[in-house]
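Undergrad: Sequence:
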Amino acid sequence: MKETTSLIKIITKDFDIPEQLSEEQLRQKMVDAFGYLVDQDFPKLIQILYRADVDQYKLKELLENVEGKSTAEVIADAYISRQKAKVETWNKYST
Numbered sequence: 583m584k585e586t587t588s589l590i591k592i593i594t595k596d597f598d599i600p601e602q603l604s605e606e607q608l609r610q611k612m613v614d615a616f617g618y619l620v621d622q623d624f625p626k627l628i629q630i631l632y633r634a635d636v637d638q639y640k641l642k643e644l645l646e647n648v649e650g651k652s653t654a655e656v657i658a659d660a661y662i663s664r665q666k667a668k669v670e671t672w673n674k675y676s677t
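Here the sequence shown stands for residues 583 to 677, numbered as in this note's numbering.
Hint data in this document are derived by calculation from the structure and do not stem from the laboratory.
Any given hint might turn out to be false.
Stated by the list, open to error - Here are the simulated distance ranges between beta carbons: (1) Glu649 <-> Lys591: 28 to 34 Å; (2) Gln638 <-> Tyr618: 32 to 38 Å; (3) Glu670 <-> Glu606: 16 to 22 Å; (4) Glu606 <-> Trp672: 20 to 26 Å; (5) Glu606 <-> Val648: 17 to 23 Å; (6) Glu643 <-> Gln602: 30 to 36 Å; (7) Gly650 <-> Trp672: 30 to 36 Å; (8) Glu601 <-> Glu670: 18 to 24 Å; (9) Tyr675 <-> Glu643: 15 to 21 Å.
Said to hold, decoys possible - With a straight-line Cα cutoff of 27 Å, these simulated DSSO-like cross-link-like pairs (lysine-lysine) come out: (10) Lys626 <-> Lys674; (11) Lys584 <-> Lys668; (12) Lys642 <-> Lys584; (13) Lys626 <-> Lys666.
In this text, a Cβ means the ideal position worked out from N, Cα and C, and glycines have one as well.
Build out the structure end to end from the sequences listed, making use of the hints.
TA: Written out as structure tokens, the structure is:
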């Protein structure tokens, strides 16, 4: 749960989300948010992904090759994965 709390703290820099969410609830919020951004505010989507340092080439490959998931799900999973990697790095070097 501590990792999820740290993850939410990072994500709240980009999104207005409640602080007490399970990881699955967080994922669903991100899928909804990225779905909105894909349809309504693409420049903001690009800005968020750039600021989060989501690898654009890896994301492009995922979007082209992953079946059975919506675009918003693929983007949300890539974003969450990148933010988790940041939390792991911070935890590794903060001890």
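Undergrad: Which hints, by number, does the structure contradict?
TA: 2, 9, 10, 12
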